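So the protein sequences, as listed, match chains A and B.
Take the first sequence: its letters are residues 12 to 219, numbered as in the numbering used here.
Take the second sequence: its letters are residues 12 to 219, numbered as in the numbering used here.
Calculated directly from the structure, the hints in this document are not laboratory data.
Note that this is a predicted model, so its numbers are computed, not measured.
Hints may be right or wrong, so weigh each one.
For chains that are exact copies, the list does not tell them apart, and a pair is met inside one copy or across any two.
Derived DSS-like pairs (lysine-lysine); straight-line CA-CA distance at most 25 Å [as the list claims (entries may be wrong)]:
#1 Lys164 / Lys121
#2 Lys17 / Lys164
#3 Lys37 / Lys123
#4 Lys74 / Lys103
#5 Lys162 / Lys17
There are 2 protein chains.
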Amino acid sequence: MTTMTKDLYTLIQERKSVRKYDPSFKMTQTELEEILTAATTAPSSSNLQSWRFIVIQDEATKKELRAIANGQEQVETASAIIAVIGDSDMYKNVERIAAQNVAEGHMDEKQKNTMINNAMNLYPFAPVELRQNIASYDAGLISMQIMLIAKEKGYDTVPMAGFDMAKFAERFELPKHHHPIALIAIGKAAAPAHGTSRLPLKEIARFI
Amino acid sequence: MTTMTKDLYTLIQERKSVRKYDPSFKMTQTELEEILTAATTAPSSSNLQSWRFIVIQDEATKKELRAIANGQEQVETASAIIAVIGDSDMYKNVERIAAQNVAEGHMDEKQKNTMINNAMNLYPFAPVELRQNIASYDAGLISMQIMLIAKEKGYDTVPMAGFDMAKFAERFELPKHHHPIALIAIGKAAAPAHGTSRLPLKEIARFI
Numbered sequence: 012m013t014t015m016t017k018d019l020y021t022l023i024q025e026r027k028s029v030r031k032y033d034p035s036f037k038m039t040q041t042e043l044e045e046i047l048t049a050a051t052t053a054p055s056s057s058n059l060q061s062w063r064f065i066v067i068q069d070e071a072t073k074k075e076l077r078a079i080a081n082g083q084e085q086v087e088t089a090s091a092i093i094a095v096i097g098d099s100d101m102y103k104n105v106e107r108i109a110a111q112n113v114a115e116g117h118m119d120e121k122q123k124n125t126m127i128n129n130a131m132n133l134y135p136f137a138p139v140e141l142r143q144n145i146a147s148y149d150a151g152l153i154s155m156q157i158m159l160i161a162k163e164k165g166y167d168t169v170p171m172a173g174f175d176m177a178k179f180a181e182r183f184e185l186p187k188h189h190h191p192i193a194l195i196a197i198g199k200a201a202a203p204a205h206g207t208s209r210l211p212l213k214e215i216a217r218f219i
Numbered sequence: 012m013t014t015m016t017k018d019l020y021t022l023i024q025e026r027k028s029v030r031k032y033d034p035s036f037k038m039t040q041t042e043l044e045e046i047l048t049a050a051t052t053a054p055s056s057s058n059l060q061s062w063r064f065i066v067i068q069d070e071a072t073k074k075e076l077r078a079i080a081n082g083q084e085q086v087e088t089a090s091a092i093i094a095v096i097g098d099s100d101m102y103k104n105v106e107r108i109a110a111q112n113v114a115e116g117h118m119d120e121k122q123k124n125t126m127i128n129n130a131m132n133l134y135p136f137a138p139v140e141l142r143q144n145i146a147s148y149d150a151g152l153i154s155m156q157i158m159l160i161a162k163e164k165g166y167d168t169v170p171m172a173g174f175d176m177a178k179f180a181e182r183f184e185l186p187k188h189h190h191p192i193a194l195i196a197i198g199k200a201a202a203p204a205h206g207t208s209r210l211p212l213k214e215i216a217r218f219i
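Isolated chain A (complex conformation) (with noise of 0.2 Å):
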């Protein structure tokens, strides 16, 4: 491969919402494995890393969850399907990813203990609106990330709230835990996205 590596800037230019996809077109899982782990860079709130992925490549699931999409078509011509889950139950990682830490020499035993008590301290006892809140906003950092990491790779892709959600979660499984947030549509586009236009600063800034 001798793809031209894009700036920064270049690509938060470039990346635009696609909802046309070439149908035919179909990514590697490996591909998608790739990106995902790559955007797993991105933070979260005490590293708890709430995001949970469904990856949906089949052609039949695909169809399925357009139905549950309204309708729309990108779900059905995109390559793939990212969901993107908010476990509100995060924070019984701790242990884990604090011993994950110690073993990879990041953090040494009592900065481990003091990881997971700031975390035992305070999540259980958040409320569970609070927690989805927090996994949603951790949920966007990562998505983020896929959606650049993907057009720097040439592919386009398009985040969509607009899905029945408990619809989902049924079809889907979900534990109680598991939020839907977010569905992301990537693939090789067949048509320009439309441009759209932005509120100036002024009037969602203020500086003090």
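Using the hints provided, position chain B relative to the given structure of chain A.
Chain B in isolation, oriented as in the chain A frame:
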């Protein structure tokens, strides 16, 4: 400026959460505005851009904020704190955003009306908790772009969900539909970040 641009893979690997900042280093408001403006290329649910920001550079205000952010040092020592806020009434901007799309040549009148009707048939009837989750996801998308752009410019960041959100809302007199989501400390690193482990892909993703 003769800064070398770094490729995306280098940036996503090198961006790590930094908690030690040089307290004497001050970014300019112009730099902060440039970072935020560039980051707004991020996608958002129905392009409603639910993200709002309060950027705090004032020393006394950072000190106050530290007290409502569990005393975390970086809230005071970082050059600025970018408070990321979600607007759960995001759909109230749909007419303006759609009109701007027409003015900028992205949409015709028919597409504009479709955009408005779709949003108004959906968002006002969605529970506020769902709209808050959507705003949190959108906030994550733009936050990731903010942190990557900052890194590209030679700055470091750390996103924080650990602060008293109710106290924040009170202190900064947020309207009821503005929900504090995260604080991003940004500035010049005084010490490198420690590394962090990641769960293996097979434990967070399944393929269908």
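Structure-based check of all given hints:
1. Lys164 / Lys121: Neither: 41 Å inside a chain and 34 Å across chains, both beyond 25 Å.
2. Lys17 / Lys164: Classified as both: same-chain Cα gap 10 Å, cross-chain 16 Å, threshold 25 Å.
3. Lys37 / Lys123: neither (43 Å within a copy, 33 Å between copies)
4. Lys74 / Lys103: Classified as neither; 34 Å inside a copy, 33 Å across copies.
5. Lys162 / Lys17: Both: 10 Å inside a chain and 16 Å across chains, each within 25 Å.
Hint check: violations occur at hints 1, 3, 4; the rest are consistent with the structure.
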